[in-house]
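Enquirer: Each chain, written out:
Protein chains: 2
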Amino acid sequence: MIEPAVLKGFRDSLPKEEIPKKRIIRKLEDVFSSYGFVPIDTPVLEYTEVLLGKGGGETDKQIFRFSDNGGRDVAMRFDLTVPFARFLAQHQAELGTPFKRYHINKVWRGENPQKGRYREFIQCDFDIVGPDNAESDAEILMMMNRSFSSLGIDGYTFHLSHRGMFNTFLQSIDETGHSVDILRTVDKLRKIGKDETRKLLAEITGDEGKADRILSFISADEGSFMKTLEKLEDISGGRSEASERMRAIYSILESTGIASSFVFDPSITRGLDYYTGLVYETFLDKLPSLGSVCSGGRYNDLASLYTKEKLPGVGSSIGLDRLMAGLEELRSPLLASSSSADILIVHRTGDEGLAIRYAEKIRSCGIRCDVYLLPEAKMKKIYAYAENRAIPYLLTFSDDGFTLKDLRTRDEKKAEDLDSLLKGFAID
Amino acid sequence: MIEPAVLKGFRDSLPKEEIPKKRIIRKLEDVFSSYGFVPIDTPVLEYTEVLLGKGGGETDKQIFRFSDNGGRDVAMRFDLTVPFARFLAQHQAELGTPFKRYHINKVWRGENPQKGRYREFIQCDFDIVGPDNAESDAEILMMMNRSFSSLGIDGYTFHLSHRGMFNTFLQSIDETGHSVDILRTVDKLRKIGKDETRKLLAEITGDEGKADRILSFISADEGSFMKTLEKLEDISGGRSEASERMRAIYSILESTGIASSFVFDPSITRGLDYYTGLVYETFLDKLPSLGSVCSGGRYNDLASLYTKEKLPGVGSSIGLDRLMAGLEELRSPLLASSSSADILIVHRTGDEGLAIRYAEKIRSCGIRCDVYLLPEAKMKKIYAYAENRAIPYLLTFSDDGFTLKDLRTRDEKKAEDLDSLLKGFAID
Numbered sequence: 002m003i004e005p006a007v008l009k010g011f012r013d014s015l016p017k018e019e020i021p022k023k024r025i026i027r028k029l030e031d032v033f034s035s036y037g038f039v040p041i042d043t044p045v046l047e048y049t050e051v052l053l054g055k056g057g058g059e060t061d062k063q064i065f066r067f068s069d070n071g072g073r074d075v076a077m078r079f080d081l082t083v084p085f086a087r088f089l090a091q092h093q094a095e096l097g098t099p100f101k102r103y104h105i106n107k108v109w110r111g112e113n114p115q116k117g118r119y120r121e122f123i124q125c126d127f128d129i130v131g132p133d134n135a136e137s138d139a140e141i142l143m144m145m146n147r148s149f150s151s152l153g154i155d156g157y158t159f160h161l162s163h164r165g166m167f168n169t170f171l172q173s174i175d176e177t178g179h180s181v182d183i184l185r186t187v188d189k190l191r192k193i194g195k196d197e198t199r200k201l202l203a204e205i206t207g208d209e210g211k212a213d214r215i216l217s218f219i220s221a222d223e224g225s226f227m228k229t230l231e232k233l234e235d236i237s238g239g240r241s242e243a244s245e246r247m248r249a250i251y252s253i254l255e256s257t258g259i260a261s262s263f264v265f266d267p268s269i270t271r272g273l274d275y276y277t278g279l280v281y282e283t284f285l286d287k288l289p290s291l292g293s294v295c296s297g298g299r300y301n302d303l304a305s306l307y308t309k310e311k312l313p314g315v316g317s318s319i320g321l322d323r324l325m326a327g328l329e330e331l332r333s334p335l336l337a338s339s340s341s342a343d344i345l346i347v348h349r350t351g352d353e354g355l356a357i358r359y360a361e362k363i364r365s366c367g368i369r370c371d372v373y374l375l376p377e378a379k380m381k382k383i384y385a386y387a388e389n390r391a392i393p394y395l396l397t398f399s400d401d402g403f404t405l406k407d408l409r410t411r412d413e414k415k416a417e418d419l420d421s422l423l424k425g426f427a428i429d
Numbered sequence: 002m003i004e005p006a007v008l009k010g011f012r013d014s015l016p017k018e019e020i021p022k023k024r025i026i027r028k029l030e031d032v033f034s035s036y037g038f039v040p041i042d043t044p045v046l047e048y049t050e051v052l053l054g055k056g057g058g059e060t061d062k063q064i065f066r067f068s069d070n071g072g073r074d075v076a077m078r079f080d081l082t083v084p085f086a087r088f089l090a091q092h093q094a095e096l097g098t099p100f101k102r103y104h105i106n107k108v109w110r111g112e113n114p115q116k117g118r119y120r121e122f123i124q125c126d127f128d129i130v131g132p133d134n135a136e137s138d139a140e141i142l143m144m145m146n147r148s149f150s151s152l153g154i155d156g157y158t159f160h161l162s163h164r165g166m167f168n169t170f171l172q173s174i175d176e177t178g179h180s181v182d183i184l185r186t187v188d189k190l191r192k193i194g195k196d197e198t199r200k201l202l203a204e205i206t207g208d209e210g211k212a213d214r215i216l217s218f219i220s221a222d223e224g225s226f227m228k229t230l231e232k233l234e235d236i237s238g239g240r241s242e243a244s245e246r247m248r249a250i251y252s253i254l255e256s257t258g259i260a261s262s263f264v265f266d267p268s269i270t271r272g273l274d275y276y277t278g279l280v281y282e283t284f285l286d287k288l289p290s291l292g293s294v295c296s297g298g299r300y301n302d303l304a305s306l307y308t309k310e311k312l313p314g315v316g317s318s319i320g321l322d323r324l325m326a327g328l329e330e331l332r333s334p335l336l337a338s339s340s341s342a343d344i345l346i347v348h349r350t351g352d353e354g355l356a357i358r359y360a361e362k363i364r365s366c367g368i369r370c371d372v373y374l375l376p377e378a379k380m381k382k383i384y385a386y387a388e389n390r391a392i393p394y395l396l397t398f399s400d401d402g403f404t405l406k407d408l409r410t411r412d413e414k415k416a417e418d419l420d421s422l423l424k425g426f427a428i429d
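As given, the protein sequences belong to chains A and B, one line each in that order. Everything in the first sequence is counted per the numbering used here, starting at 2 for the first residue and increasing by one. Everything in the second sequence is counted per the numbering used here, starting at 2 for the first residue and increasing by one.
There's no promise every hint is true.
The list treats identical chains as interchangeable, and a pair is accepted whether it falls inside one copy or across any two copies.
[Stated by the list, open to error] Here are the simulated lysine-lysine pairs, DSS-like style, with alpha carbons at most 30 Å apart:
id: 1; residue 1: K311; residue 2: K379
id: 2; residue 1: K382; residue 2: K309
id: 3; residue 1: K414; residue 2: K17
id: 4; residue 1: K311; residue 2: K382
FYI, nobody ran anything at the bench for these hints, they're computed from the structure.
Extracted from the complex, chain A is given alone in its bound form (with noise of 0.2 Å):
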């Protein structure tokens, strides 16, 4: 006998939870279909080198990788975007710009698994890849917000900030030469606090007064966003490109109504490299330490790795198992429920084909419909059945005619048909 068991790291996924996560990849989809993007997919296994570049990450103990029966040194995809640059790379010319996707799937992580991470993981990810330009930006922006209130999250804030009036800040400090080492830092602020932060950045810059002065332009917050803008912009020598930019976004939001779910936020930088412009994360309102569940930004040139082509984009991830862990934590009615049907037929030994007929039937109508198959279980069993699936109504008949019962109230209602019972039938 083997011990059925699955590897450190990974889960399977059970009907409780398989049924609503399919059900917010569908609310995503919709939104994502309903601004014109499109999706595509790409294979789980890569060239080692495609994934992490020539000769880069040879000790790198994070993904899972192997020599293949063809003797290729082979990987799994540890994130969607480095898969998307190279798929732009190879079909730009057939996609054309500007080019409007999204992608969710799994992708695999060999990090040692803590509470609430996994080494097999679902990114969902979209990006508008040729324009650079605040209407793209902007319409990445709307279309998150689409997607957060169409999940019906109640609360949650996009935190926005802009990778080049960071960098015109430090050069006005002159501080550009440790911009790298500075904007990881600033990054983990909300995990090691301000004291931690103020000591690292004071280690960095040697200077303890640079140190304040990086604090105090991460920290700006003067109540709104076009407040906080213009605070930033004082601070770093006047308006810029950059800022200019984050009015142009703005105005745009302000525009279609949901501007007052963004805040400018200066202490959001993103730890990687290839962010350019607008960077943002999201935050639920009522569990921000769960961190953020939607991040992204604007990138001058993600294929740079493939082709010469430079092709600017702008992008974002949501986290999906972290959200749906959110989710859960807040009780949110959108995992509550996981029905595996809506009605429940029960039948006697004989009554096969017509309880089969019935089932059709009721299907016919958009309801869902589970046939009971093993018609000498006692009742006790068929109740057992039916919680354990969270079906809410039972069907049963005989020659007088249906009853439909409420397994939640014990509500009884009986007809002579089935269709004058299903007329009066709302699924909840």
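Given chain A, put chain B in place with the hints provided.
Expert: Only chain B this time, still in chain A's reference frame:
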């Protein structure tokens, strides 16, 4: 520069493939859900021992197998059946029976790529575990029929047989000792033809007379399901438990009015050892050479590698990539349309805010709307963009009102306000 290429036997899915693929998967999921089937998912990576059994498959070149960073012997799943068996053994107490599940996802096999065969492909499995009765067999068959009809496929036939009837027949000619070899040979009939099959059967049984009798059994076709069934009963010594089951299944199919899509085809045996009862394959009437696009059957004991509990069931697998290849060859309308949006809005510089507001209004009517993000582009470029994405309508606006152009017919409709233009709008 790194060459942007995918591995041999792998492929990207571009929007023109991914849009119809997602549409097909949604339709199938809707059918499965309407029958009360629930989705599950399992990890892509498993312990090799779990997938191949103890000691088994040391030399199996067909699978992607490696040592992970923790030194574990792991492999990528090569089907959805083995992980399901492991899943059942692990979670059966929580799931309960009858358990009706579906699972649509990728699997990997390292076989040599040929036309239409890839190393990464999607399977779509659905099973009922628990009951062993005609009603369950029939429900799976009905759901297959509903799946194919909901996909709008023009002409398909389900070929049914029963392993037990074949075994009874082999008993009657005293050839149960060679049953595995005979089953595998018969399974190849469609590929290798009658003469070659007869030759192989004569080699296995050492008796040309027996080879002829086997051939006449598997070639029986009396023009109707019931007549063929009766003929086979005749050949193998009368009614049996197996043939009674087939009668009961057919009676249910008849009572729901779908029996005409099913034929009794005794040449169907399925090569795999674990089938014990009903077995079936599915062929597209206009494309028999494609092979079976949906196969499966009844098994006695799926999870015996991992648990002592008997878990009988019946289940099917749709080869989604093969089915899609067939639909493409048949020029199915299901694959024809992969438009990224219904309407493309074009605007001039300065009108971004307006364009985006109108787009939001259009989306709120359930119409997919793409905003062209480069206001300075020439119309020629915009038309090429719309054509490449199969977007049928172009919307422009000015102070005078709105113009909606059908890009296929070049018809234009004008209106002073957007509402009246949208009122008559129907998505094809």
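Enquirer: Each hint needs a verdict: does it hold in this structure or not?
Expert: For each hint, the structure was consulted:
1. K311 with K379: Between. Shortest inter-copy distance 21 Å satisfies the 30 Å Cα cut-off; intra-copy 68 Å does not.
2. K382 with K309: between (66 Å within a copy, 22 Å between copies)
3. K414 with K17: Only inside one copy: K414 and K17 sit 29 Å apart there, 49 Å across copies, limit 30 Å.
4. K311 with K382: Close across copies (19 Å), not inside one copy (64 Å); limit 30 Å.
Every hint from the earlier list agrees with this structure, and none is contradicted.
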